[in-house]
Amino acid sequence: MPNTAEILVDTLIAWDVRVIFGLPGDGINGIMEALRTRQDKIRFVQVRHEESAAFMATAYAKWTGKLGVCLATSGPGGTHLLTGLYDAKLDQAPVLAITGMQFHDLIETFTQQDV
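Going by my numbering, the letters in the sequence shown line up with residues 841 to 955, in that order.
Hint data in this document are derived by calculation from the structure and do not stem from the laboratory.
Since the model is a prediction, treat every value here as computed from it, not as a measurement.
Every residue, glycine too, gets a C-beta built ideally from N, C-alpha and C.
Any given hint might turn out to be false.
[To be verified] Listed below are the simulated DSSO-like cross-link pairs for lysine-lysine, each with C-alpha atoms no more than 27 Å apart in a straight line: (1) Lys-881 with Lys-906; (2) Lys-906 with Lys-929; (3) Lys-902 with Lys-881; (4) Lys-902 with Lys-929.
[As the list claims (entries may be wrong)] Using C-beta positions, here's what the derived DEER-type ranges look like: (5) Gln-932 with Pro-842: 15 to 23 Å; (6) Met-841 with Leu-930: 40 to 48 Å; (7) Lys-929 with Met-841: 18 to 26 Å; (8) Asp-931 with Met-841: 34 to 42 Å.
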């Protein structure tokens, strides 16, 4: 039976997403494994900073007209996407941002991962 990360990646493939820009982190390890096992159908482009992932997904969407996808871990990883996502919003580029989440037991413990 597939897990949530596998269903997510399979859905992206069904939506004709062929590339995802992002930076690995603990909050998205399951998604990274699902991407690794489907690398013949979808490519992961690792960036040096999450902001770059958002701008790359935005540029991809602007140039191809297809859905651009960026991926970041929870907390600061997600907030680093914001400037690139705002650029996509201004130009009405179709971009999907996916972020991780911290462990359930840590939700609302006021760590920076709560963002």
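Now for the hints, and whether the structure bears them out:
Under the criterion of a C-alpha separation no larger than 27 Å, the hint pairing Lys-881 with Lys-906 is consistent with the structure, at around 16 Å. Only pairs whose Cα atoms come within 27 Å are accepted, and Lys-906 paired with Lys-929 is accepted, the gap being roughly 15 Å. Straight-line distance between C-alpha atoms of Lys-902 and Lys-881 comes to about 22 Å, which keeps the hinted pair within the 27 Å bound. The suggested pairing of Lys-902 with Lys-929 holds, with an alpha-carbon distance near 11 Å, which does not exceed 27 Å.
For Gln-932 and Pro-842, the Cβ-Cβ distance of about 33 Å falls outside the hinted range of 15 to 23 Å, so the restraint is violated. The given range of 40 to 48 Å is respected by Met-841 and Leu-930, whose C-beta atoms sit roughly 41 Å from each other. For Lys-929 and Met-841, the Cβ-Cβ distance of about 37 Å falls outside the hinted range of 18 to 26 Å, so the restraint is violated. In this structure, Asp-931 and Met-841 meet the distance hint of 34 to 42 Å, their C-beta atoms being roughly 40 Å apart.
Comparing the model with each earlier hint shows violations of hints 5 and 7; every other hint is respected.
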